[in-house]
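Peer 1: Those protein sequences? They're chains S and A, same order as listed.
Residue numbers in the first sequence follow this note's numbering, run continuously in steps of one, and reach 342 at the last position.
Residue numbers in the second sequence follow this note's numbering, run continuously in steps of one, and reach 342 at the last position.
It should be emphasised that the hints constitute simulated quantities derived from the structure, not laboratory data.
Just to be clear, a hint being listed does not mean it is correct.
Said to hold, decoys possible - Each computed DSBU-like pair below joins lysine-lysine, with the alpha-carbon atoms no more than 35 Å apart: (1) Lys186(A) to Lys324(S); (2) Lys241(S) to Lys186(A); (3) Lys221(A) to Lys274(S); (4) Lys324(S) to Lys221(A); (5) Lys341(A) to Lys341(S); (6) Lys186(A) to Lys202(S); (7) Lys241(S) to Lys221(A); (8) Lys341(S) to Lys186(A); (9) Lys341(A) to Lys324(S); (10) Lys324(S) to Lys202(A); (11) Lys274(S) to Lys186(A); (12) Lys241(A) to Lys274(S); (13) Lys221(S) to Lys194(S); (14) Lys274(A) to Lys241(S); (15) Lys186(S) to Lys186(A); (16) Lys274(S) to Lys221(S); (17) Lys221(A) to Lys341(S); (18) Lys324(A) to Lys324(S); (19) Lys341(A) to Lys324(A); (20) Lys341(S) to Lys324(S); (21) Lys194(A) to Lys324(S); (22) Lys341(A) to Lys202(S); (23) Lys341(A) to Lys274(A); (24) Lys186(A) to Lys324(A); (25) Lys324(A) to Lys221(S); (26) Lys186(S) to Lys241(S); (27) Lys221(A) to Lys202(A); (28) Lys186(S) to Lys221(S); (29) Lys186(A) to Lys221(A).
Number of protein chains: 2
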Amino acid sequence: MIQKGDITRQLILEHATALASQVGLEGLSFGRLAEDLDLSKSGLFAHFKSLQGLQMKVLEHAAERFTETVIRPALKAPRGEPRLRAIFDRWRRWPKESRMAGGCFFVAAATELDDRPGPARDLLVSQQKDWLETLAGVVRSAIAEGHFHRRVDPEQFVYELYGLMLAYHYSVRLLNDPKADRRAETAFESLMQRAKA
Amino acid sequence: MIQKGDITRQLILEHATALASQVGLEGLSFGRLAEDLDLSKSGLFAHFKSLQGLQMKVLEHAAERFTETVIRPALKAPRGEPRLRAIFDRWRRWPKESRMAGGCFFVAAATELDDRPGPARDLLVSQQKDWLETLAGVVRSAIAEGHFHRRVDPEQFVYELYGLMLAYHYSVRLLNDPKADRRAETAFESLMQRAKA
Numbered sequence: 146m147i148q149k150g151d152i153t154r155q156l157i158l159e160h161a162t163a164l165a166s167q168v169g170l171e172g173l174s175f176g177r178l179a180e181d182l183d184l185s186k187s188g189l190f191a192h193f194k195s196l197q198g199l200q201m202k203v204l205e206h207a208a209e210r211f212t213e214t215v216i217r218p219a220l221k222a223p224r225g226e227p228r229l230r231a232i233f234d235r236w237r238r239w240p241k242e243s244r245m246a247g248g249c250f251f252v253a254a255a256t257e258l259d260d261r262p263g264p265a266r267d268l269l270v271s272q273q274k275d276w277l278e279t280l281a282g283v284v285r286s287a288i289a290e291g292h293f294h295r296r297v298d299p300e301q302f303v304y305e306l307y308g309l310m311l312a313y314h315y316s317v318r319l320l321n322d323p324k325a326d327r328r329a330e331t332a333f334e335s336l337m338q339r340a341k342a
Numbered sequence: 146m147i148q149k150g151d152i153t154r155q156l157i158l159e160h161a162t163a164l165a166s167q168v169g170l171e172g173l174s175f176g177r178l179a180e181d182l183d184l185s186k187s188g189l190f191a192h193f194k195s196l197q198g199l200q201m202k203v204l205e206h207a208a209e210r211f212t213e214t215v216i217r218p219a220l221k222a223p224r225g226e227p228r229l230r231a232i233f234d235r236w237r238r239w240p241k242e243s244r245m246a247g248g249c250f251f252v253a254a255a256t257e258l259d260d261r262p263g264p265a266r267d268l269l270v271s272q273q274k275d276w277l278e279t280l281a282g283v284v285r286s287a288i289a290e291g292h293f294h295r296r297v298d299p300e301q302f303v304y305e306l307y308g309l310m311l312a313y314h315y316s317v318r319l320l321n322d323p324k325a326d327r328r329a330e331t332a333f334e335s336l337m338q339r340a341k342a
């Protein structure tokens with residue numbers, strides 16, 4: 146049975162994650178959350194113990210959302226090339242579908258935490274490495290299925306795929322470039338064609 | 146003749162830019178700068194009028210540094226492919242050579258300002274568009290010199306180049322990936338080979 150406390154907790158994390166995508170994880174505060182959600186500050190403390198505790202839960206929450214929105218549905222596509230295409234489509238739509246005002250939560254977190262050693266950074270790095278490994282695994286399956294050439298280097302492929310997604314984020318979010326989608330698709334097709342067996 | 150005031154101003158901007166690369170432009174404060182530099186807060190106000198005034202000057206200062214460190218020396222290389230290679234080398238080394246603790250100033254600023262409308266964001270967008278146009282111009286010169294194929298789309302080339310630089314920044318700064326340089330070089334060579342006439 147779902148408890149009322151669980152629902153409240155989900156709502157808090159949902160709001161805190163969207164807020165962090167705008168103001169950063171360091172910009173979160175119990176005062177602001179209490180005000181936005183009309184909850185008591187002491188109740189929020191009881192939930193999360195400390196600001197760092199909240200930041201960690203927000204990172205976990207964002208990763209769960211990413212898994213639900215991007216990874217899990219894409220893994221239903223057939224192994225290899227179709228799965229990689231499903232990932233590309235869903236990943237590209239993720240900042241919009243996650244309804245985070247500040248765009249991709251993880252791009253914001255990566256830039257913010259890269260020079261802040263501590264448990265939040267460690268968690269983010271470990272999440273990002275998991276994601277890169279998942280991607281490399283899908284590239285490997287495309288090789289195994291005979292969709293990609295055996296000479297393809299999965300890690301290099303993932304590096305270039307990551308780059309075109311970062312450029313897409315930058316073109317949409319900062320430059321409002323109307324050609325951003327076409328640029329990302331062209332770059333992705335070029336990457337796919339080069340990898341084809 | 147260089148005035149004492151000019152030197153002080155340069156030192157303030159140098160420090161503020163390095164600080165902003167870590168704590169963000171919104172993280173700058175006259176109090177912190179006064180403390181770090183052992184100057185009076187009122188003197189800093191007199192220099193910059195407002196926090197927004199300081200942020201604009203910091204953006205301008207960072208762009209001047211980028212021009213001096215990356216663009217101007219690279220433009221001394223022969224037109225076309227050699228110039229593009231010089232840009233790639235200097236651009237990649239820029240975060241280190243600029244001695245900014247927080248890595249590339251502009252990657253940090255782009256993520257921070259993308260959802261903060263106002264004069265600082267407008268200035269950053271205009272600076273970034275100038276840089277993308279400079280890059281597209283160098284690609285065009287590589288086509289004109291016969292180094293690149295006439296079918297190369299300069300804007301698409303720049304999009305992909307930007308992506309591999311963003312992936313490089315992410316690999317170095319967040320993941321501390323020892324293979325980051327090799328990955329960036331491989332991606333760059335692949336981009337160059339595809340463009341070759």
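Peer 1: State for each hint whether it applies.
Peer 2: Structure-based check of all given hints:
1. In summary, the hint linking Lys186(A) to Lys324(S) is not supported, as the alpha carbons are separated by about 45 Å, beyond the 35 Å threshold.
2. A distance of roughly 42 Å separates the Cα atoms of Lys241(S) and Lys186(A); the hinted pair therefore is violated under the 35 Å criterion.
3. The hinted pair formed by Lys221(A) and Lys274(S) fails the criterion: a straight-line CA distance of about 40 Å is larger than 35 Å.
4. For the proposed pair Lys324(S) and Lys221(A), the alpha carbon gap of about 32 Å is at most 35 Å, so the pair holds.
5. At most 35 Å may separate the alpha-carbon atoms for a hinted pair to count; Lys341(A) and Lys341(S) meet this at roughly 20 Å.
6. Between Lys186(A) and Lys202(S), the direct Cα distance comes to roughly 38 Å. Violation of the 35 Å bound is thereby established for this hinted pair.
7. Simply put, Lys241(S) and Lys221(A) have alpha-carbon atoms about 43 Å apart, too far for the 35 Å limit, and the pair is violated.
8. Distance hint between Lys341(S) and Lys186(A) is unfulfilled; the C-alpha atoms sit about 61 Å from each other, more than 35 Å.
9. Straight-line distance between C-alpha atoms of Lys341(A) and Lys324(S) comes to about 24 Å, which keeps the hinted pair within the 35 Å bound.
10. Between Lys324(S) and Lys202(A) the CA atoms are separated by roughly 31 Å; this keeps the pair inside 35 Å, and the hint holds.
11. Distance check on the hinted pair: Lys274(S) and Lys186(A) sit about 44 Å apart at the alpha-carbon level, beyond 35 Å; violated.
12. A distance of roughly 24 Å separates the Cα atoms of Lys241(A) and Lys274(S); the hinted pair therefore holds under the 35 Å criterion.
13. At most 35 Å may separate the alpha-carbon atoms for a hinted pair to count; Lys221(S) and Lys194(S) exceed this at roughly 38 Å.
14. For a cut-off of 35 Å, the pair hint linking Lys274(A) to Lys241(S) stands: about 24 Å separates their Cα positions.
15. Distance restraint check for Lys186(S) and Lys186(A): the Cα-Cα separation of roughly 34 Å lies within the 35 Å cut-off, and the hinted pair is therefore satisfied.
16. Between Lys274(S) and Lys221(S) the alpha-carbon distance is near 22 Å, which keeps this suggested pair within the 35 Å criterion.
17. About 39 Å separates the Cα atoms of Lys221(A) and Lys341(S), which puts this hinted pair outside 35 Å; it is violated.
18. Restraint check for Lys324(A) and Lys324(S): satisfied, since their Cα atoms lie roughly 32 Å apart, inside the 35 Å limit.
19. Distance restraint check for Lys341(A) and Lys324(A): the Cα-Cα separation of roughly 26 Å lies within the 35 Å cut-off, and the hinted pair is therefore satisfied.
20. Of the pairs offered as hints, the one joining Lys341(S) and Lys324(S) holds, with about 26 Å between alpha carbons and a cut-off of 35 Å not exceeded.
21. Proposed proximity of Lys194(A) and Lys324(S) is contradicted: the alpha carbons are some 39 Å apart, above 35 Å.
22. For the hint linking Lys341(A) to Lys202(S), the alpha-carbon distance of about 49 Å lies beyond 35 Å, and the restraint is violated.
23. Restraint check for Lys341(A) and Lys274(A): the C-alpha separation of about 25 Å stays at or below 35 Å, so the hint holds.
24. Note on Lys186(A) and Lys324(A): the hinted pairing is violated, with a Cα-Cα distance of about 45 Å set against a maximum of 35 Å.
25. Between Lys324(A) and Lys221(S), the direct Cα distance comes to roughly 32 Å. Compliance with the 35 Å bound is thereby established for this hinted pair.
26. Of the pairs offered as hints, the one joining Lys186(S) and Lys241(S) holds, with about 30 Å between alpha carbons and a cut-off of 35 Å not exceeded.
27. With a C-alpha separation of about 27 Å, the suggested pair Lys221(A) and Lys202(A) falls inside the 35 Å cut-off, and the hint holds.
28. Straight-line distance between C-alpha atoms of Lys186(S) and Lys221(S) comes to about 42 Å, which puts the hinted pair past the 35 Å bound.
29. Annotation: proposed proximity of Lys186(A) to Lys221(A) is violated, straight-line Cα distance about 42 Å (limit 35 Å).
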